[in-house]
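Please work from the sequences and hints to get the whole structure.
Note that the sequence shown covers residues 0 to 472 in numbering that gives the first Met the number 0.
Keep in mind the hints are simulated off the structure, nothing from the lab.
The beta-carbon is built from N, C-alpha and C at its ideal position, and this holds for glycine as well.
Do not rely on the hints blindly, as some may be mistaken.
[What the hints assert, rightly or not] Label-pair distances were calculated between CB atoms; the ranges are: (1) M179 / I61: 24 to 32 Å; (2) Q451 / S198: 45 to 53 Å; (3) Y123 / E376: 40 to 48 Å; (4) R277 / E376: 35 to 43 Å.
[To be verified] Calculated pairs, DSBU-like style, for lysine-lysine (alpha carbon to alpha carbon, straight line, at most 35 Å): (5) K183 / K173; (6) K356 / K400; (7) K348 / K464; (8) K58 / K82; (9) K348 / K390; (10) K173 / K469; (11) K331 / K464.
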Amino acid sequence: MASELNLNVATPGRGSRDPRRSPEKREVKPKPLEMPVLKPLPVSIAFDMRNIQAISEIKSEIGYARAWIRLSLEKKVLSRHLKALLADDELLRGFYKRTAFLRSEDEREHFLLHLLSLNTADYYCFTNTYVNIVLPYRMVIFPSKRFSISTTTANVWTSVSGTLGEMGPISVPKNTLEFMFQHKNLGLVTNMHIGHDNSGVSPKWMIDYVLIRNEVTGHCVKFPCGRWLGRDIDDGSTERLLVGEPYIDGEECPADTRLKTPTRARSPSVPRKPYESRLTPSEIQEGLSDTVNKIVKYFFQSEKDRGSLTVLLCGDNGLVSALEQVFLFGFKSSRVFGKNIYLWDYFVKVQEVFGRKVTNEDFELIIVNDDSSESSEHVVNVSLYCELIRKISFYASSLGKDGKFQLFICLCAREHLLPRLPQIMANLDITREMYDDHSFLRNPDLLQDMVQVVLALDDYDIILKHSLTKGID
0 MASELNLNVA TPGRGSRDPR RSPEKREVKP KPLEMPVLKP LPVSIAFDMR
50 NIQAISEIKS EIGYARAWIR LSLEKKVLSR HLKALLADDE LLRGFYKRTA
100 FLRSEDEREH FLLHLLSLNT ADYYCFTNTY VNIVLPYRMV IFPSKRFSIS
150 TTTANVWTSV SGTLGEMGPI SVPKNTLEFM FQHKNLGLVT NMHIGHDNSG
200 VSPKWMIDYV LIRNEVTGHC VKFPCGRWLG RDIDDGSTER LLVGEPYIDG
250 EECPADTRLK TPTRARSPSV PRKPYESRLT PSEIQEGLSD TVNKIVKYFF
300 QSEKDRGSLT VLLCGDNGLV SALEQVFLFG FKSSRVFGKN IYLWDYFVKV
350 QEVFGRKVTN EDFELIIVND DSSESSEHVV NVSLYCELIR KISFYASSLG
400 KDGKFQLFIC LCAREHLLPR LPQIMANLDI TREMYDDHSF LRNPDLLQDM
450 VQVVLALDDY DIILKHSLTK GID
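Below you can see the structure in the form of structure tokens.
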């Protein structure tokens with residue numbers, strides 16, 4: 000909400016001067032930026048029953064009962080709801096004989112106590128069972144307080160992905176920070192895109208984070224951002240990929256998110272300052288190894304237990320983050336060039352060098368040994384590298400330089416280029432210009448260790464979601 004000016008003039012009184020007689024201008028202070036508030040969902044039997052009764056796919060009373068139990072178990076309120084129902088003696092007498100299990104108070108207490116222990120685990124028995132139902136979702140956008148800019152003149156859009164599907168881009172209502180949308184069950188929401196068309200007189204927009212809540216199950220996810228959307232600011236991105244983390248306090252989302260913000264997990268859009276690695280080589284190697292191991296384990300899990308590959312690639316401590324640390328180590332950036340140089344700038348320069356060599360059939364630096372079959376493979380990989388850079392520049396023009404680097408790493412993982420390109424790039428003059436001697440690309444031992452780690456991904460086919468690839472085949 001745009002800042003409003005407080006134009007109320009105080010009534011002159013004893014000890015105060017009439018402002019009309021004062022030559023000094025009165026100080027007009029703007030009201031503080033009003034942030035949206037995500038109100039908690041009702042915690043009641045009636046609220047959950049109304050949501051269950053609204054599911055048209057359920058055709059019987061037994062079906063409604065099962066769905067209600069699944070929902071209550073997933074929301075960790077099954078014991079609480081049943082305790083309220085079983086406390087009604089008149090209701091029990093009407094439906095159960097005197098000898099029934101539920102008519103015994105001691106048995107009832109033991110039963111509810113056992114149910115209470117189920118709250119220690121996370122169950123998604125409702126979400127993963129009713130996969131075809133349409134559910135309501137609420138999205139709340141929290142702009143940064145630092146710049147007192149709550150909205151943008153540009154046309155904002157968003158798309159959301161989950162474990163069960165993706166939602167295509169939808170428009171965000173103008174001058175709105177909170178809105179609802181309905182979609183076929185997305186499962187557990189894992190990542191989202193948010194962007195705009197950079198139109199209007201003031202399109203720049205700094206987003207702190209976004210909350211998305213399933214209005215039936217109550218699952219709430221926070222998507223940290225902390226970066227600008229705008230052409231002439233930050234890295235020039237008008238679109239951000241945000242990776243979510245659970246945002247749950249007890250049984251429901253906090254009533255006032257302004258008062259309590261959980262520890263932030265770093266989405267790929269959250270910047271690092273300064274733009275260079277502060278980690279040691281051994282720490283970077285350990286982080287990369289851990290990330291690759293997680294991805295390998297992902298492919299050994301059953302399909303229903305796998306979770307989101309996008310999170311493993313682009314989330315906090317994901318593959319993109321780990322390789323970013325690899326390429327940042329020893330990267331000269333602004334220390335030498337006097338301006339903010341991004342990793343994407345380096346990869347574009349490499350593409351220009353490769354492009355000239357492929358055009359002129361100058362493969363001297365591309366071929367690293369005398370093996371003709373391996374040399375031919377190097378030429379093919381270099382050509383594919385150049386093609387990927389060109390396609391990213393064309394199809395992902397809305398992404399900033401950090402976003403393009405992220406997309407490039409994901410596509411290289413899909414095309415099995417990660418263990419093959421660094422050795423070729425290490426031989427280029429542009430690499431010697433932009434990297435120190437102790438960097439991974441210029442230290443043969445570090446380079447070989449890095450290649451051996453990412454080589455473990457060669458045995459698996461990494462399938463990327465369409466929303467992540469921008470349609471690049």
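- [ ] Provide an ascending list of the numbers of those earlier hints which the structure does not satisfy.
- [x] When the structure is compared with the hints, none of them turns out to be violated.
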